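Engineer: Given the sequences, and given the hints that come with them, work out the whole structure.
From first to last, the protein sequence lines stand for chains F and X. The first sequence begins at 1 in the working numbering and counts up by one. The second sequence begins at 1 in the working numbering and counts up by one.
Keep in mind that the hints were calculated from the coordinates and are not lab data. Keep in mind that this is a model prediction, so the values were computed, not measured. Hints may contain errors.
Claimed, not checked - Okay, derived cross-link-like pairs now, DSBU-like style, lysine-lysine, Cα gap no bigger than 35 Å in a straight line: (1) F/K224 / X/K45; (2) F/K152 / F/K169; (3) F/K152 / X/K35; (4) X/K123 / X/K72; (5) F/K152 / F/K192; (6) F/K224 / F/K192; (7) F/K220 / X/K22; (8) X/K22 / F/K152; (9) F/K195 / F/K169; (10) F/K224 / X/K72; (11) X/K161 / X/K123; (12) X/K72 / F/K152; (13) F/K195 / F/K224; (14) X/K45 / X/K22; (15) X/K22 / X/K123; (16) F/K220 / F/K152; (17) X/K35 / X/K72; (18) X/K22 / F/K224; (19) F/K200 / F/K224.
Unchecked claim - Not the full set, but computed from the structure, chain X residues with beta-carbon under 7 Å of chain F: (20) S33; (21) P34; (22) Y37; (23) W62; (24) I121; (25) G143; (26) T145; (27) L175.
All C-beta atoms in this analysis are idealised placements derived from N, C-alpha and C, irrespective of residue type, glycine included.
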Amino acid sequence: MSGSLRYQNPELRALLAGEYVLGSLHGRARRRFETLMLTDHVLRHEVLQWARRLEPLNEELEAVTPSPHVWTAIEQQVGAEKGLLWNSVVFWRRLGMVAAAASLVLALLLGIPLYQAPAPERIAFVTDSTDEPVWLVSAPSRSRTLRIKTLKSMSMPAGEFCVLWLVWKDGFNQGVAVLPDNTGEMTVRLPKAMKRDPNKAELVVTVETGDDAVTNMQGKVMFKGPWTEL
Amino acid sequence: MVADSQLRILIRLLAATAEGDKNAFSRLYRLTSPKLYAIALRILKTESHAQECLQEAYLSVWRQAATYQQGKAAPMTWLVTIVRNRALDMLRRQRHELRREEIELDLLSDTPSEQVDSLAIEKCLQLLRTDQRECVLLAYYEGLTHPELADRLSHPIGTIKTWIRRGLEQLRQCLEA
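Structural biologist: In structure tokens:
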């Protein structure tokens, strides 16, 4: 509690934003700050202001032309992405901490819709190939409910659904929900009969087509990733 | 004037990139990559890491250009933020591989004179105490964390934190004055 109260002090918030941009804020404090930014547009504004203030420091740096092979590599990857369909496997990318961190930062700069709810204990971003978060899944502290927020609307081909699963290490899986394809938020309560700890599971998204989409995992795995503990 | 027209060019190139114009993207790369590469190199130290960072950053730019919003940040601020965050992420992953290097503070003392007056931040930096300035610049340029700054500058973490906070606060006041 004292942690969240600290962030209500405007001067401290401004300083932490400065330290975030500076890069000296690190580890858990940095992660906590990034989570706060998700729900706090004033803080994001503060961060942007610091980015603007400090950016002139780079004027001091002498430009260095990178080796031509960097551009060749970029060009090749850009070329390979041409004509991607949403349901191509390449569209999806395994969520890693790195992807999540990059998404977070871009997201806050670009002002994705905010997540308005009590502070979650664990979150996971389901990202697409552009590293943009499509869904934010969160688990509030000591609760058997999961919140799913759609951050980017997706147009799904008729008859196909993205389904979210919890998958434990021994392979046991629990269907959670068909993920919404328009922007919006949903809360899912896990069945009482399911005694396993959702926090120990990995999040998996598959594309399913049948009527038993949420009970029978058959589709292609498009995304797989762990929770990020806050 | 030059800065103004460059700003407009970058905005136009980003907008064209967002529409999938590869020539515009290529031009954007040519115009901005030397500066961004220098930033990545400064933080990551080795060419191979800086190149990897640059590559990932420009792929993000290609994919995310459509979400760039003019009103929120100047193109360079946006690009620098993408590169710095990539670089800081990589640095955190590779921290243990980093070699300790001597502080390079030459940029503090050898600032080209014609630039001093042109940059508000330069003036404001000069108002900071030397130790505060060192801390702020080392953190920004090299992505050093509090413990690393304490180690590098041989002062307790508490002192480092105070220097950074006071330094930032003074910078903010000076820049907004």
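Engineer: Now, for every hint given, state plainly whether the structure supports it.
Structural biologist: Now the hints, each set against the structure:
For the suggested pair F/K224 and X/K45, the alpha carbons sit about 33 Å apart, so the restraint of at most 35 Å is met. For a cut-off of 35 Å, the pair hint linking F/K152 to F/K169 stands: about 30 Å separates their Cα positions. In summary, the hint linking F/K152 to X/K35 is supported, as the alpha carbons are separated by about 32 Å, within the 35 Å threshold. Of the pairs offered as hints, the one joining X/K123 and X/K72 holds, with about 26 Å between alpha carbons and a cut-off of 35 Å not exceeded.
Pair hint F/K152 plus F/K192 holds up; C-alpha atoms about 31 Å apart against a cutoff of 35 Å. For the suggested pair F/K224 and F/K192, the alpha carbons sit about 24 Å apart, so the restraint of at most 35 Å is met. For the hint pairing F/K220 with X/K22, the CA-to-CA distance comes to about 32 Å; that is within 35 Å, so the pair holds. Annotation: proposed proximity of X/K22 to F/K152 holds, straight-line Cα distance about 25 Å (limit 35 Å).
Distance check on the hinted pair: F/K195 and F/K169 sit about 15 Å apart at the alpha-carbon level, within 35 Å; holds. A distance of roughly 33 Å separates the Cα atoms of F/K224 and X/K72; the hinted pair therefore holds under the 35 Å criterion. The suggested pairing of X/K161 with X/K123 holds, with an alpha-carbon distance near 23 Å, which does not exceed 35 Å. Annotation: proposed proximity of X/K72 to F/K152 holds, straight-line Cα distance about 19 Å (limit 35 Å).
Distance restraint check for F/K195 and F/K224: the Cα-Cα separation of roughly 22 Å lies within the 35 Å cut-off, and the hinted pair is therefore satisfied. Of the pairs offered as hints, the one joining X/K45 and X/K22 holds, with about 30 Å between alpha carbons and a cut-off of 35 Å not exceeded. In summary, the hint linking X/K22 to X/K123 is not supported, as the alpha carbons are separated by about 40 Å, beyond the 35 Å threshold. Taking the CA atoms of F/K220 and F/K152, the gap is about 21 Å. The hint holds against a cut of 35 Å.
Between X/K35 and X/K72, the direct Cα distance comes to roughly 21 Å. Compliance with the 35 Å bound is thereby established for this hinted pair. Between X/K22 and F/K224 the CA atoms are separated by roughly 31 Å; this keeps the pair inside 35 Å, and the hint holds. Between F/K200 and F/K224 the alpha-carbon distance is near 14 Å, which keeps this suggested pair within the 35 Å criterion. Interface restraint check: X/S33 against chain F, minimum CB-CB distance 6 Å, threshold 7 Å, status holds.
Given hint, X/P34 at the interface with chain F, holds; its Cβ is 3 Å from that chain's nearest Cβ, closer than 7 Å. Contact between X/Y37 and chain F, as hinted, is supported at the beta carbon level, the nearest pair being about 4 Å apart and thus within 7 Å. For X/W62, the interface hint holds, the least distance from its beta-carbon to any beta-carbon of chain F being 5 Å, beneath 7 Å. Proximity of X/I121 to chain F holds as hinted, the smallest CB-CB distance being about 4 Å (cut-off 7 Å).
The interface hint given for X/G143 is met, as the beta carbon of that residue sits about 4 Å from the closest beta carbon of chain F, less than 7 Å. Annotation: X/T145 was flagged as interfacial toward chain F, and the flag holds, the nearest CB pair being 4 Å apart, inside 7 Å. At about 5 Å, the closest approach between the beta carbon of X/L175 and any beta carbon in chain F falls short of 7 Å, and the interface hint on this residue holds.
Figure legend: structure checked against the earlier numbered hints; the only hint not met is number 15.
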